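The listed protein sequences derive, respectively, from chains A and B. Take 0 as the starting number for the first sequence in numbering that gives the first Met the number 0 and just add one per residue. Take 0 as the starting number for the second sequence in numbering that gives the first Met the number 0 and just add one per residue.
Hints are computed from structural coordinates only; laboratory data are not their basis. Small disclaimer: the values here were computed from a predicted structure and weren't measured. Some hints could be false.
Short, incomplete list of chain B residues facing chain A, as computed with Cβ under 10 Å [said to hold, decoys possible]:
1) S47
2) N51
3) P54
4) I85
5) D91
6) A124
7) K308
Where a beta carbon is used, it is the ideal one built from N, C-alpha and C, also for glycine.
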Amino acid sequence: MFEISDWLRTRLSRRMVLGAGLAAAGGSAVAAVGSAQEVSQAGYGGGKPHQGMAGSGHASSHGAMMTVGDVDEARNGFDTAKMLTEWETGTVSRLPDGRVLRTFQIDAVDKEIEIAPGVMFPAWTYNGRVPGPALRATEGERLRIVFRNFGSHPHSIHFHGIHSARMDGIPGAGVIDPGDEFVYEFDAKPFGCHFYHCHALPLKRHIHKGLYGLFVVDPDPARHPEQSDVARSRLLGTPENAEWQEFAMVMNAFDTNFDDENEVYAVNTVAHTYMKHPIPILRDKPVRVYLVNAVEFDPINSFHLHGNFYDYYDHGTTLTPTLRTVDTITQCQAQRGILEFSFKEHEPGLYMFHAHQSEFAELGWMSFFDVKEAVA
Amino acid sequence: MNETRPVAEAGSAPVEPLRSRAALIWLLLPFAVLALAVTWLVAANPLSRFDNGAPPVENLTFERTVLSDSGIDLLVRAGGSEPMTISQVQVDDAYWQFVQEPTGPLGRGETAWIRLPYPWVLGEAHAVKMITNTGATFEHEIAVAVPTPVANAATLWSQMLLGAFVGIVPVAIGLMFYPALRGIGRSGMNFLLAMTVGLLVFLMIDAAGEAFELAGEAAAIFQGQAMVVLAASAAFLILMATGRRGGTPTGLTLATLIALGIGLHNLGEGLAIGAAFAAGAAGLGTFLVLGFTIHNITEGIGIAAPMLKKRPPVWTFPALTLLAGGPAVVGLWIGSLAHAPQWSALALAMGAGAILQVVVEVSAYLARSDGRGTAALLSWPVMAGLVFGVTFMYATAMLVKV
Chain A
0 MFEISDWLRT RLSRRMVLGA GLAAAGGSAV AAVGSAQEVS QAGYGGGKPH QGMAGSGHAS
60 SHGAMMTVGD VDEARNGFDT AKMLTEWETG TVSRLPDGRV LRTFQIDAVD KEIEIAPGVM
120 FPAWTYNGRV PGPALRATEG ERLRIVFRNF GSHPHSIHFH GIHSARMDGI PGAGVIDPGD
180 EFVYEFDAKP FGCHFYHCHA LPLKRHIHKG LYGLFVVDPD PARHPEQSDV ARSRLLGTPE
240 NAEWQEFAMV MNAFDTNFDD ENEVYAVNTV AHTYMKHPIP ILRDKPVRVY LVNAVEFDPI
300 NSFHLHGNFY DYYDHGTTLT PTLRTVDTIT QCQAQRGILE FSFKEHEPGL YMFHAHQSEF
360 AELGWMSFFD VKEAVA
Chain B
0 MNETRPVAEA GSAPVEPLRS RAALIWLLLP FAVLALAVTW LVAANPLSRF DNGAPPVENL
60 TFERTVLSDS GIDLLVRAGG SEPMTISQVQ VDDAYWQFVQ EPTGPLGRGE TAWIRLPYPW
120 VLGEAHAVKM ITNTGATFEH EIAVAVPTPV ANAATLWSQM LLGAFVGIVP VAIGLMFYPA
180 LRGIGRSGMN FLLAMTVGLL VFLMIDAAGE AFELAGEAAA IFQGQAMVVL AASAAFLILM
240 ATGRRGGTPT GLTLATLIAL GIGLHNLGEG LAIGAAFAAG AAGLGTFLVL GFTIHNITEG
300 IGIAAPMLKK RPPVWTFPAL TLLAGGPAVV GLWIGSLAHA PQWSALALAM GAGAILQVVV
360 EVSAYLARSD GRGTAALLSW PVMAGLVFGV TFMYATAMLV KV
């Protein structure tokens, strides 16, 4: 048999050996083999159809790289679409000195949530949702957060803000046992885009189990006379603010098998949720995103916007951008900021945004803005 | 005598039904207790105190990997304490759409195909991770991605060539020594038979080791270790019993038994090679194939040894060659096209058992034909033959072990 002698004579490198083994086993190439090179080509030929296959896969929005199915958001008790614009403003009253007292009620609750279709995670939550409620107050107000622990472990709320040691939410100062209650009280300052999370120990577990959320303090225009227009546009409830489309986004991740590596990445908990249900935005209205990184185990996270650039306010504590005209920013855990951009000059369509750690993106942190002329 | 027997039977007749009825009741009693225990366990659930809130035990074994133009297909077998659900699948740390056939939760021992339209890359590694509804993960590594052989004429033909080189050719070459060895003396004969025992012992160790290794890869439900021991014992006992039906085997019968044992070993060997091809793990070079060929030549000599004093018809030689070497081809076919580790382990275990039987019979034949009995086993040509057989196999195995 010529085939055999050719085959036996072939001297191959490791990769080539694979090709020859393949030829021997697969048989498809044996008769045609004249040289080692041809063996390897025949082997690669086997792979070629995949280009066509991948192409056909891309025909549907983003190929086959996607979780399968949909999350039961009714069972979860929170809707990732609504979560974007749901601000918890608490209840407002007046102090004797005339200042506004804003009171929030937050309960720690153990709850199993669906973080990717069919994948349940035994979470620890604030108010039954992950991330916790997006708190929103105005600079200078007195804040009172009534915290009750209905969970199975000690918990706390540690706010990133300016407050006294007694209100810090660390062991000995606001970490409470199951069944207990604690009231955190401090002034809303500085204005910006902030973060809160449980500071009970061990910290890693208490954070990655789901105890974190956004804490936004809007600037008081009266305190910033030179930039009162900008401040007013940031202040929830003003006509200037209504001109904006604002979104609350918490970048988070879940370690479903508890090996200290995350299996699921997302914005607002559910993998790929804004891929399957793109976020509708009006083309001619500017967009403001309050963004925080709550991901545990990985050193940084990032936000990359397709086809557009944005201004970035690190921590949101300034009224002028700290970074201008960028399309990618990185945040370490607890770092946060405000993104401002507009699609006014763009044609309508799906504009992707995702972590530019491709791994995070492919594990769920991938999303679309659906830029429209007018939202139906 | 003839008259007394019916009387005795007649006398015991009234007692028999009573005794058998009692026996029946005693037989039913344990079953009744078992039924009672089951009823109580199910109805009263007394074990609920052990329910500590921990998620159910889950286990998933990857039995087959098929890489083709349509992507990656994986056959998985569930082994959980309760039916388990595969919720999502990652390939290389990316969620990938997949189809499960059949759909739904997988009960204990059930299998399903997971089909991933993934554009895998030739010659590179891929990792598949399955996530169940509880968040548990099960990983499977594709060490080297190559297209899985499909059953067509070209594939079967080239696999047959390979199987022939590994199994049939060396046995045929070994048997060709037959005429040259015919005039051999007592010492030479003893040497050859001992060499046969030595090579068989090597093959047995090899087969048993490989069987245990493969059994470790199989799903827990098959209890690989016990399965290997049981299959080897069963093969040994059955062959011992059938082999000795017509007296202790000699000559052609013994040669046939040796060929059968080697054949079973080659079947397992072929399954393993075929499976390695299917998994892309085998980079089979020319050198490796030649190594196998040389390694297996002594098998032919071993088969020839007990027939040296007989004159078997010519047709028995190709028949014995096919019996010993042919299974390598069959194993390759099956192994590369439809493989699961437990089947290879089973074949290798049976091979080990069969070889043990042949080792016993060849030793017995040696002792008997020598005339000195077991004393012959300690003679120096026998020792030399044993050492040569084992050493030759060990040394030539160095050519093929990777």
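Hint by hint, here is what the structure shows:
Below 10 Å, beta-carbon pairs count as interface contacts, and S47 (chain B) has none with chain A, the closest being about 20 Å; its hint is therefore violated. At its closest, the beta carbon of N51 (chain B) sits 13 Å from a beta carbon of chain A; the interface hint therefore is violated under the 10 Å criterion. Interface restraint check for P54 (chain B): the shortest CB-CB distance to chain A comes to about 9 Å, inside 10 Å, so the restraint holds. Proximity of I85 (chain B) to chain A holds as hinted, the smallest CB-CB distance being about 8 Å (cut-off 10 Å).
For the restraint placing D91 (chain B) at the interface with chain A, the shortest Cβ-Cβ distance is roughly 8 Å, inside the 10 Å limit, so the hint holds. Interface restraint check: A124 (chain B) against chain A, minimum CB-CB distance 12 Å, threshold 10 Å, status violated. Checking K308 (chain B) against chain A by beta carbon gives a least distance of about 37 Å; that is not within 10 Å, so the hint is violated.
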